[in-house]
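Engineer: As a plain string of letters, each chain reads:
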Amino acid sequence: MLLKHAEDPALRTIAGYKGYGGYATLEKAYREMEAGEVLKELEDSGLRGRGGAGFSMGKKASFLPRGEVDKYLCCNADESEPGAFKDRELMQRNPHQLIEGIAIASLAADIGHAFIFIRGEYDLQADILDEAVAEAYEAGYLGKDILGSHRDLELVVHRGAGAYICGEETALLDALEGKRGNPRLKPPFPAVQGLYGGPTLINNVETLSNVPHIVAHGAEWFKGFGTEQSPGTKVVSISGGVRRPGNYEIELGIPTRELIYGLAGGPREGREIKAFYPGGSSSPVLTAEEGLDLPYSFEAMAEAGSMLGSGSIIVADDRVSIPHMALRTARFYHHESCGKCTPCREGTNWTVKMLERVVRGEATPMDLDIISSVQENIIGHCLCVLGDSMAMPVSAMVRKFRPEFEAVIEAGQAVAV
Amino acid sequence: MSQEVNAKLPVDQALTEGRVPGRAEEGIPELHEVGCPPELQQQIETLMSRYPDRKSASIPALWAVQRLYGWCTPEGIRQAAAVMKVTPAYLESVASFYDLLHTDPVGAHKVAVCTNISCWMRGGDELLDAFRAAAAGKDAEIFVTGFECLGACDLAPMASIDERYFGPLEAADAGAAIGQIESGAEVLPEKALAKRPLPGGPDA
Chain A
1 MLLKHAEDPA LRTIAGYKGY GGYATLEKAY REMEAGEVLK ELEDSGLRGR GGAGFSMGKK
61 ASFLPRGEVD KYLCCNADES EPGAFKDREL MQRNPHQLIE GIAIASLAAD IGHAFIFIRG
121 EYDLQADILD EAVAEAYEAG YLGKDILGSH RDLELVVHRG AGAYICGEET ALLDALEGKR
181 GNPRLKPPFP AVQGLYGGPT LINNVETLSN VPHIVAHGAE WFKGFGTEQS PGTKVVSISG
241 GVRRPGNYEI ELGIPTRELI YGLAGGPREG REIKAFYPGG SSSPVLTAEE GLDLPYSFEA
301 MAEAGSMLGS GSIIVADDRV SIPHMALRTA RFYHHESCGK CTPCREGTNW TVKMLERVVR
361 GEATPMDLDI ISSVQENIIG HCLCVLGDSM AMPVSAMVRK FRPEFEAVIE AGQAVAV
Chain B
1 MSQEVNAKLP VDQALTEGRV PGRAEEGIPE LHEVGCPPEL QQQIETLMSR YPDRKSASIP
61 ALWAVQRLYG WCTPEGIRQA AAVMKVTPAY LESVASFYDL LHTDPVGAHK VAVCTNISCW
121 MRGGDELLDA FRAAAAGKDA EIFVTGFECL GACDLAPMAS IDERYFGPLE AADAGAAIGQ
181 IESGAEVLPE KALAKRPLPG GPDA
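Going down the list, the sequences are from chains A and B. For the first sequence, position 380 (counting from the first letter as 1) is numbered 380 according to the working numbering, and the numbering increases by one without interruption. For the second sequence, position 53 (counting from the first letter as 1) is numbered 53 according to the working numbering, and the numbering increases by one without interruption.
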């Protein structure tokens, strides 16, 4: 659905996109549909947010108050979670699908001003979006009085400047307002008080890219894909120790084994899969035994004590040292912690220091319990989930691979990578 | 940054040499004081006009400054501040938060090598070493740094060179890329993400 025709470079242009039927749904929605009708279709579809939290997209949109007030839509294109690279592909290959989705979602929630907050590193994709937005303005799909509907929509592509925290929705709002990207206290939630104090709908690139398809074919059609609780398709990014790393669009609920072995080609020559992150670096790792035979869906991953998150699988094969992988993970979150909340700022810092001791061969067995207790004291104690995003995978690694950590500690020697 | 303490200054300022404001409290500079190039002024004014609140143009304005001067120079920040009618301290506080905005001098060409999980598993650290070795002694022109996940794990190990992605790379590519940057040739044309024909990663 989302990656259809993605191999055609012409898809990037408005002519190419329209050649495959693009913008027909926008035309139908703006000319023939009421906002409430569009919103109902989105709610009925059961589309869950593809950015990580998996919250119902239609429900989120329905939280925005009605009436005459400046409302905003922010497309979260700050994809910075290690292991995630699906939004990059969607924006690079099919920018108009996203723009059409934004325009239709804006109609549903009666929004007049939209932004795409794209991470600064995605310069190529931002250039592509800039061009596509200009084309859409020229064609009358954006701007004043779209297709004679008396509705206006301004769309601005806003480039960030390198900060993982800006993918957190309230930090994204601060960054878009021209500040340092620090998360805000919730509530108030952005749907009530967001950008410039106005009600704001924040959705991920992939979520919004689904919108034209749902409105074109209807909620029932959409629910025909995937599982009851995870309807639709999902673009899954697979990387690490596999033969064919890349983005694969699947129906949610297929066996994880089929994804990793079938689509991504399985482990490289002579290697075996040891563990994997099922939903980006912030998801608790699953061992091969516990995870490979689970269906790949929001609910199955949650039941296994992990999460589907952004749908990014990082595979660790048998040559990967888990203590080193834990350290890499912790270092990332330590670097990206904004420093606002103490448990995250201090907890990420001390976790890195302790894991460094482990891999240098200077730790004692007691350190593992201290590492675990630090993780427990981070989870749920901060304004946003950045700290939790380190604590969850690190504590899972220490718990599930404790013998490997203990062996490293007992050897008392630095571990080679 | 020098750690020599200037005894004449209060302690908190004495340790921030080079960052001490010219006046005790610098307000919003006047445009005529800062010598802002007209193109930069025009760019920032256009940027401000795109947002309901002019402050939203802070990051885009700092990008414009960095493009013009190679990094966010104190003079460039004052020029942007004068156009935006905010204090230079405000813009500096924004610039210092973000990894891609440089408040210290760096080479105009920028190489960021990903060292996060997926790239690390496939040799990201070794690639970074190779780039550092190839660019040794050329700091004035080429800035090489390790970087957190760039969102291209399908290309692992990979690097962003002057804001474009390349991968999967081998250590030998580093020397070639640095040579191409220096001679102004097209960088690693075979390895550019922009030229990949199909979505997804390389074939097995």
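Bear in mind the hints are in silico, worked out from the structure with no lab data behind them. There's no promise every hint is true.
List of simulated lysine-lysine pairs, DSBU-like, C-alpha gap at most 35 Å [unchecked claim]:
no., chain 1, residue 1, chain 2, residue 2
1, A, Lys-340, B, Lys-55
2, A, Lys-18, B, Lys-85
3, A, Lys-179, B, Lys-85
4, B, Lys-85, A, Lys-144
Computed from a prediction, not measured in an experiment: that's the story for all the values here.
Engineer: With reference to the structure, classify each hint as holding or not holding.
Structural biologist: Status of the hints after comparison with the structure:
no.: 1; hint: Lys-340(A) with Lys-55(B); verdict: holds, 22 Å
no.: 2; hint: Lys-18(A) with Lys-85(B); verdict: violated, 43 Å
no.: 3; hint: Lys-179(A) with Lys-85(B); verdict: holds, 15 Å
no.: 4; hint: Lys-85(B) with Lys-144(A); verdict: holds, 29 Å
Violated hint: 2 only; the structure is consistent with all others.
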